[in-house]
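Undergrad: One letter stands for each residue in the lines below.
There are 2 protein chains.
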Amino acid sequence: MQKPSIPKGTRDFGPQQVARRNHIFGVVRRVFEKFGYAPLETPTMENLSVLTGKYGDEGDQLLFKILNSGDFAKDVSADDLAAGSKKILPKVAEKGLRYDLTVPFARYVVMNRGQLTLPFKRYQIQPVWRADRPQRGRYREFVQCDADVVGTTSLLCEAEIVLMIDEVLSTLGLTDFTIKINHRGVLSGIYQALGGEGTESDLFVAIDKLDKIGRDGVTRELLERGFSQGAIDKVFQYLEVGGSFDEKLSTLRTAFGADGVLADATAGPARGLADLEQVQGYLQDFGFENFARLDFDVTLARGLSYYTGCIFEVKVNNVQMGSISGGGRYDNLTGAFGLPGLSGVGFSFGVDRIYDVLEELKLFPEDVAAAPLCLVANFDHEGRATVLPLLKALRDAGLSAELYPEVSKLKKQFEYADKRGIRYLLLAGPDERAAGQVKLRDMRSGTEQMLPLAEAATEVQKLA
Amino acid sequence: MQKPSIPKGTRDFGPQQVARRNHIFGVVRRVFEKFGYAPLETPTMENLSVLTGKYGDEGDQLLFKILNSGDFAKDVSADDLAAGSKKILPKVAEKGLRYDLTVPFARYVVMNRGQLTLPFKRYQIQPVWRADRPQRGRYREFVQCDADVVGTTSLLCEAEIVLMIDEVLSTLGLTDFTIKINHRGVLSGIYQALGGEGTESDLFVAIDKLDKIGRDGVTRELLERGFSQGAIDKVFQYLEVGGSFDEKLSTLRTAFGADGVLADATAGPARGLADLEQVQGYLQDFGFENFARLDFDVTLARGLSYYTGCIFEVKVNNVQMGSISGGGRYDNLTGAFGLPGLSGVGFSFGVDRIYDVLEELKLFPEDVAAAPLCLVANFDHEGRATVLPLLKALRDAGLSAELYPEVSKLKKQFEYADKRGIRYLLLAGPDERAAGQVKLRDMRSGTEQMLPLAEAATEVQKLA
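Heads up: the protein sequence lines correspond to chains A and B, in order.
Under the working numbering, the residue at position 149 of the first sequence is numbered 149, and the numbers go up by one with no gaps.
Under the working numbering, the residue at position 189 of the second sequence is numbered 189, and the numbers go up by one with no gaps.
Here chain A stands alone, though its shape is the one from the complex:
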């Protein structure tokens, strides 16, 4: 018989991993809810008509498609077969697995536009699937935690995203991280300042790679894309603007002014700088104390996404790990489904990366464990009239507890408690029962004490 296996890029999560992942989800969920976001869940499968074309050609390739049920090949002709998979696909598959949480959210908003109260604030914590090549930290099934609000342009939402990121990560025990913020208008301003060389998207894509390929790599790429060396020098003058948040705002305002791109005060770089300043103002009014973690990073570009306003990304310092959170404002998320003009802003936590970071930094609390607190030892069948009520009393006190299910050697029961990481072992053998007592052993410290049987549950509750 073949040894069973799981598909590559997928994982089983054993008890401790689930408990630790739930710890992260719990913190994220509580913060989202404290900020007024309401939960939404969408189906695992979406129609391919909803998914296709939303993630670029590469994304379409990475969609997992579901084979139609029944006689799926009945409409495939010999000509289709000769033409190849691309021709066959629409005839054999009409559904696919969710690729992210953003497109299903947009689809939900459009389908329910009549009933929704705007602004609509939703969070969503669900797995997504991508047929990507698996590698360290990249899986084919992974969970995203998104929060978005649509139907308002208020920059209060951007300020609150900074607060939520800060609170989630702080609550998880992280202290040394950077919340990078930038604005698509600022990036547009840099492009406009070049006076029309190349294309804006080529510029953004190149800037997005600065982290990975460095100044030389970006220069090479921009030269290839038709930017002049003079323009590239100007780009880097902008990207290397330094100083505090305020100093960067001021330096950029002067530079954009000199380059003559602040003419329209409500768009582009002017809007970008004004928005960033207002977000900063909201944070000050909130009494936000961790400005040292907030970095106005002119080089942050967030690739070729649908963002149009503020953009965010979070890096944990001193840990080898990509960004653990990111997001931004978009002006036309639902346009693809026929509902234009609905502005929104959202962000997402990458749980798998956060998990790895917390594990590396040993930040999971000790009490985040999947084992029950108590094991009642099983000495003999005669004891059941004593140990079953004891077990019930422990559970009635809200404690997790179990009886070793079989009468067996105490050594084996000890090992079981030890391997599962059970904290307290309660022993009520014939001697203890005769004395109306139970022996409580702390498996962590190895200390033991005798307790009156009737008070055992209350005593353990005090320790827990």
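Because the hints were derived from the structure by calculation, they are not lab data.
It is possible that part of the hints are untrue.
Any copy, or any two copies together, can satisfy a pair, since identical chains are not distinguished.
Unchecked claim - Taking lysine-lysine and the BS3-like style, the derived pairs with C-alpha atoms no more than 30 Å apart in a straight line are:
no., residue 1, residue 2
1, K91, K3
2, K86, K3
3, K86, K8
4, K234, K91
5, K248, K392
6, K87, K3
7, K74, K86
8, K87, K234
9, K392, K412
10, K54, K3
11, K74, K87
12, K54, K91
13, K412, K3
14, K3, K74
15, K392, K8
16, K74, K248
17, K462, K412
18, K91, K74
19, K411, K3
20, K315, K392
21, K419, K86
22, K212, K54
23, K8, K248
24, K54, K8
25, K234, K315
26, K8, K91
If you're wondering where the values come from, they're calculated on a predicted model, not measured in any experiment.
Guided by the hints, dock chain B onto chain A, whose structure is given.
TA: What follows is chain B alone, placed relative to chain A:
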């Protein structure tokens, strides 16, 4: 543009539905954990080699298959196409969606047998997918909540299943339900008592339909399957045994003795009756108080499943709804993956049905809602230095709260609070601010009170 839609048999869950479903999951999870079960999660996709052949021919049809990535049709020949979908399937799909939680659990146990501490108690709360024809109460994506323990034959586990079912349903507010229990050995005994007519599985399948097709229907089916009228009469003598739990045990023991099927005291009907008696004994030792809910139902058969010992099913009385929970003991769950002889027992809650029952009986608590507790009204931009710290104070007090994101008419903000079901509206307009106060409006009662601004968060916390 086409209006977007979701695949048939799938559902979006809006804020209130998610909150209510999480309420159910939370209760189930807490009870599972209190009884020492540890969480497990397995991938959405399993290899078809793991899934196929485990659910019968019909089950194989109902599996959702995932199209292989890339040029999926490259190995399909014209001959394959002529032979049809069945021939093509293994060449275009090697993965499928999880169909239940039991097979992935067995696969996990076998893959991790070296590391697992036996007995292994796991619970699993995850969606499953079946390409079934959607109808009322039947979906293509639905969540199962399973708890299983493998590696022990102790009947303590069966007794605890009764306790867990009773506690979960009681905690959810249900009072009028029946936990049916039976034993495959008892059913085997009935078959053995017939002296070799027909087949055991035909008998079990027919008995399983008694609820739906009645005595006449079962009689007709058994006659068709080659059972004599005399044998059928004997079957019904057994099925209609009445009285209390003890009386049924006693009547059956006498009848089985008279029919000469108690010879082997460790198997078949003898084991069945002894097991049921011991489960009852454990429950008595636990001080279980709801014996009135426990029904030894000789007609309970649980279809053609892999059960070999005790079987369970739960019906809510006076509500039109199939069983909301079920399970039983199996002696060879992991045999299909090459690990024989591992006994286990498990059961499952059907969350979608429980949801519908709780809704019908109006048993969802009022505070299970997805809306934040507080909305701070947004009067004017000048107020932000007051309302943002107020908002922070509410959240720091652990309350969910939001500021209406835009300055707009109070009427609109009232409507928003009302539609979202927000309980408290906090108003700090120019007058209140000048007086260092905030007006608190209870949206449910319509009452209003003035609070000192600095104490508002503490006061609302007291009300919550």
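Undergrad: Hint by hint, say whether it matches the structure.
TA: Now for the hints, and whether the structure bears them out:
Taking the closest pair of Cα atoms, K91 and K3 come within 30 Å of each other only across two copies (21 Å); inside a single copy the shortest separation is 34 Å, beyond that limit. For a Cα distance limit of 30 Å, the shortest separation of K86 from K3 across copies, 25 Å, qualifies, whereas the shortest one inside one copy, 34 Å, does not. Proximity of K86 to K8 under the C-alpha cut-off of 30 Å is found in both arrangements, the shortest distances being 24 Å within a copy and 25 Å between copies. For the identical chains of this complex, K234 and K91 are neighbours neither inside a copy (51 Å) nor across copies (55 Å), given an alpha-carbon limit of 30 Å.
In this assembly of identical chains, the alpha carbons of K248 and K392 lie at most 30 Å apart only when taken from different copies (28 Å versus 64 Å within one copy). For a Cα distance limit of 30 Å, the shortest separation of K87 from K3 across copies, 25 Å, qualifies, whereas the shortest one inside one copy, 36 Å, does not. Within a single copy, K74 and K86 get their C-alpha atoms as close as 17 Å, and across copies as close as 11 Å, so both meet the 30 Å cut-off. Taking CA atoms no more than 30 Å apart as the test, K87 paired with K234 passes in neither setting, with 47 Å inside one copy and 62 Å between copies.
Proximity of K392 to K412 under the C-alpha cut-off of 30 Å is restricted to the intra-copy arrangement: shortest distance 23 Å within a copy versus 53 Å between copies. Taking the shortest Cα distances, K54 and K3 sit within 30 Å of each other only across copies (15 Å), while inside one copy they are farther apart (39 Å). In this assembly of identical chains, K74 and K87 lie within 30 Å of each other by CA distance both inside one copy and across copies; the values are 14 Å within and 12 Å between. Taking identical chains as interchangeable, the C-alpha atoms of K54 and K91 lie at most 30 Å apart whether they share a chain (20 Å) or sit on different chains (28 Å).
For a Cα distance limit of 30 Å, the shortest separation of K412 from K3 inside one copy, 29 Å, qualifies, whereas the shortest one across copies, 62 Å, does not. Taking the shortest Cα distances, K3 and K74 sit within 30 Å of each other only across copies (27 Å), while inside one copy they are farther apart (34 Å). For the homomeric pair K392 and K8, neither the shortest alpha-carbon distance inside one copy (43 Å) nor that between copies (45 Å) is at most 30 Å. Taking the shortest Cα distances, K74 and K248 never come within 30 Å of each other, neither inside one copy (63 Å) nor across copies (55 Å).
Within a single copy, K462 and K412 get their C-alpha atoms as close as 28 Å, which meets the 30 Å cut-off; across copies the closest is 50 Å, which misses it. In this assembly of identical chains, the alpha carbons of K91 and K74 lie at most 30 Å apart whether taken from the same copy (9 Å) or from different copies (16 Å). Within a single copy, K411 and K3 get their C-alpha atoms no closer than 32 Å, and across copies no closer than 65 Å, so neither meets the 30 Å cut-off. In this homomeric assembly, K315 and K392 come within 30 Å of each other (Cα to Cα) only across copies, at 25 Å, whereas the closest approach inside a single copy is 47 Å.
Neither within a single protomer nor between protomers do K419 and K86 lie at most 30 Å apart by alpha-carbon distance, with minima of 52 Å and 47 Å respectively. Only within a single protomer do K212 and K54 lie at most 30 Å apart by alpha-carbon distance; the minimum there is 26 Å, versus 48 Å between protomers. Taking the closest pair of Cα atoms, K8 and K248 never come within 30 Å of each other, the shortest separation being 46 Å inside a single copy and 53 Å across copies. Proximity of K54 to K8 under the C-alpha cut-off of 30 Å is found in both arrangements, the shortest distances being 25 Å within a copy and 22 Å between copies.
Taking the shortest alpha-carbon separations for K234 and K315, only the intra-copy value of 27 Å comes in at or below 30 Å, while the best inter-copy value is 74 Å. Taking the shortest alpha-carbon separations for K8 and K91, both the intra-copy value of 27 Å and the inter-copy value of 18 Å come in at or below 30 Å.
Violated hints, listed in ascending order, are 4, 8, 15, 16, 19, 21, 23; each of the other numbered hints is respected by the structure.
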